[in-house]
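All chains, full assembly: derive it from the sequences and hints.
Protein chains: 2
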Amino acid sequence: MRIELINTGSELLLGFTVNAHLNYIARKLGEIGLRLERQVTVGDARAELHSCIAEALARCDAVIVTGGLGPTADDMTRDVVAELLGRKLVRDETVAAAIAERFKRRGIVGMPESVNVQSLVPVGARVLSNRKGTAPGLAIEHNDKLVVLLPGPPRELKPIFEEFVLPMLRQRHGVSAPFDCRTFKVVGLPESIVEEKVAPALADIRDVELGYCARPGEVEVRVISNLKSSADEAEKRIRGALGDHIFGTGEERLEEVVVRELIAARKTIVTAESCTGGMIANRITNVSGSSEVFLNGWVTYSNESKMNQLGVRAESLKQFGAVSEEVAREMAESARTRSGADFAISATGIAGPTGGTPEKPVGLVFIGMATLQRTVVQRHTLVFDRETFKFFVSQHALDMVRRELLGGRG
Amino acid sequence: MRIELINTGSELLLGFTVNAHLNYIARKLGEIGLRLERQVTVGDARAELHSCIAEALARCDAVIVTGGLGPTADDMTRDVVAELLGRKLVRDETVAAAIAERFKRRGIVGMPESVNVQSLVPVGARVLSNRKGTAPGLAIEHNDKLVVLLPGPPRELKPIFEEFVLPMLRQRHGVSAPFDCRTFKVVGLPESIVEEKVAPALADIRDVELGYCARPGEVEVRVISNLKSSADEAEKRIRGALGDHIFGTGEERLEEVVVRELIAARKTIVTAESCTGGMIANRITNVSGSSEVFLNGWVTYSNESKMNQLGVRAESLKQFGAVSEEVAREMAESARTRSGADFAISATGIAGPTGGTPEKPVGLVFIGMATLQRTVVQRHTLVFDRETFKFFVSQHALDMVRRELLGGRG
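Protein sequence lines, in the order shown, are assigned to chains L and U.
Be aware that the first sequence starts at 1, since it is given in this note's numbering, and climbs by one per residue.
Be aware that the second sequence starts at 1, since it is given in this note's numbering, and climbs by one per residue.
FYI, nobody ran anything at the bench for these hints, they're computed from the structure.
Heads up, the beta-carbon is just placed ideally off N, CA and C, and yes, glycines get one too.
Among the hints, a few may not be true.
Claimed, not checked - Quick look at which bits of chain L chain U covers, simulated, 3 or more residues with Cβ under 8 Å: (1) 2 to 15; (2) 64 to 74; (3) 300 to 312; (4) 384 to 394.
Here you go:
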């Protein structure tokens, strides 16, 4: 089955937005053994969009078009496709009602008339309902070909793609065995060392494709095979080679693993952050169910707040400086004692780009973890832009907790 | 001048790599008043690549192809283009010498024979020398059309693009003025209402292209024109239509605007977060220089921490519940009083997906802002996934501060 993807939106061709849809859709297709033959980006220009879709239809079995289903004048995908396939647009009352309900629930009075265009559906199209926004997806069977239209916002597109489009494509594709694609997520090792450990261990396994992807603060190792037995053997060896550096599989995030393990261990946690400015708490509370384990956090950015809110000693700040092992330790211990939590993690460092000195350069950070039994402080130098620095620090902090929980379990 | 971009590489179509070339090249073209009409991604498959380039050549004046110039078996762009244009490949001795020199300098003995393919050049092509790698770029004039081939690695592609390709395109393009592209960032209005306000106000301005892009919690309005006077007039009317809903221009983020305005007003701020779990503090501290204005934050997730760390009254929690106007008010006021900051913002709500009740459904949130003069609390219902909910709440909270600072200035 030949599949092409068309992404619409002038912002993509102006370079203002990264085309994340391509990555997401390509990965999801890969999981069921399908791949894209071609991808085209086109602006919000009617004639251009028309020829892009017509050309793709001439070449392939399925065309997926993203974007251009919204209510504004530059949204023209629905129109162009209806015209191209010679189908009238008719109002779908279920969609119209859902849109009105959505506005009502958000408390917006005076829904603009333009919104109604989103309830128009080409005759014979299947409506793929959108639980996260107003414009539904649409699927149209036309001369043995499948045309799928998806709304542009990622949080709307993804549920529709997974709930409706993947099953439709899988069904058309027939029962051929999907390839087995397994991803292992690794923390605490750079990509080159991950490869150095993994590649030799798998050298003699045939029928296995091995890939690596370095992301901020973690590395993904990917194994693709058409044979389950080969994938199993590869997984066994990868796990052997990387041990507890593997924190999860697939698209799991480190904070999800930490919250899950805390819940399993019936332990609670608090955070005391300076340089990460709330990012650790934010990541933990992104996980549904985190309120079972996360009690509270302090973001003590100023020295005064370190003293007043957390009781860090003025002498420690004076003698060692805010960015020091001693202050990281006091922050973690005080946060744990004041809250009564089982774990406290702290971070104090220099995110940059300014504020560094020869003794304490930009990127220097101390990360503390206090438990009832002990307090440990790690020192790192992480030279990145500000947000990446914060993310790396939060990875280290979360990983300290994960490893402590692993140890406690063993 | 019609320009198309073709990006080659199977990793792009497997979703393993983001297509950063598109963004880079599109932006650079924009700076000299050019834009891409279309972009195509194609895998490392000979026939597919051949038809992609042939089709693009039939449509446009200039085709830029990235990737596939390396020494490995999946690099086939040079070959395909030579065949397509009916030009022989000949060895360029200058390129060959530069490649040999490069290997020598890196101390690699035994340069693989495969590397030599990179010194092959289609007859009549201009060599665009690569100071960061082995494969040079190539530019071929063919029947009044321009074909540019660029190596895939970004650090090799960028210098070649800037040193050779941009000047060539600028020259072909003639001296016409670059287009004027202005982006206005809007908060507090959904996309459909933004268009309802903007479109009629600009209806009679010619030579202006108007675009909208909805992002979580904000909308971008984009104006493109070849005439500065039209862009100026459009900007004036957009600002008139949207007023202080416009918080910034270009790629400015709301938190950057808030920090900048706080610095300008010499005011300080603290945060008292429940449902946002540290996201507001995290966004503020993402801004370099935020330590001038951000003192500290509380993330009081549990009821106990609301009482113990912030002094929220037990009776308020009992009588009104943690998600209430009263508790949002006490959180903000107490955070301000305890820290001595000029501003305190608070948020308490139900992020979901669980935890809602008929009286207090998922998405309900109270956002407070306390100043020396007054405390205000907004009530919203924001039905989104967990992270988007948190982001929307943080947008509202930051926007309350921005508007207060605007008012104070006026």
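Are there three or more residues in the stretch 384 to 394 of chain L whose C-beta lies within less than 8 Å of some C-beta in chain U?
holds (count 3)
Counting residues of the stretch 300 to 312 of chain L whose CB is closer than 8 Å to a CB in chain U, do you get three or more?
holds (count 7)
Given coverage of the stretch 64 to 74 of chain L by chain U, tested with a Cβ cutoff of 8 Å and a minimum of 3 residues:
It holds: at least three residues are needed, and the stretch 64 to 74 of chain L offers 5 whose Cβ sits within less than 8 Å of chain U.
Outcome, coverage of the stretch 2 to 15 of chain L by chain U - at least 3 residues whose beta-carbon is closer than 8 Å to one in that chain:
holds (count 7)
Figure legend: structure checked against the earlier numbered hints; every hint is met.
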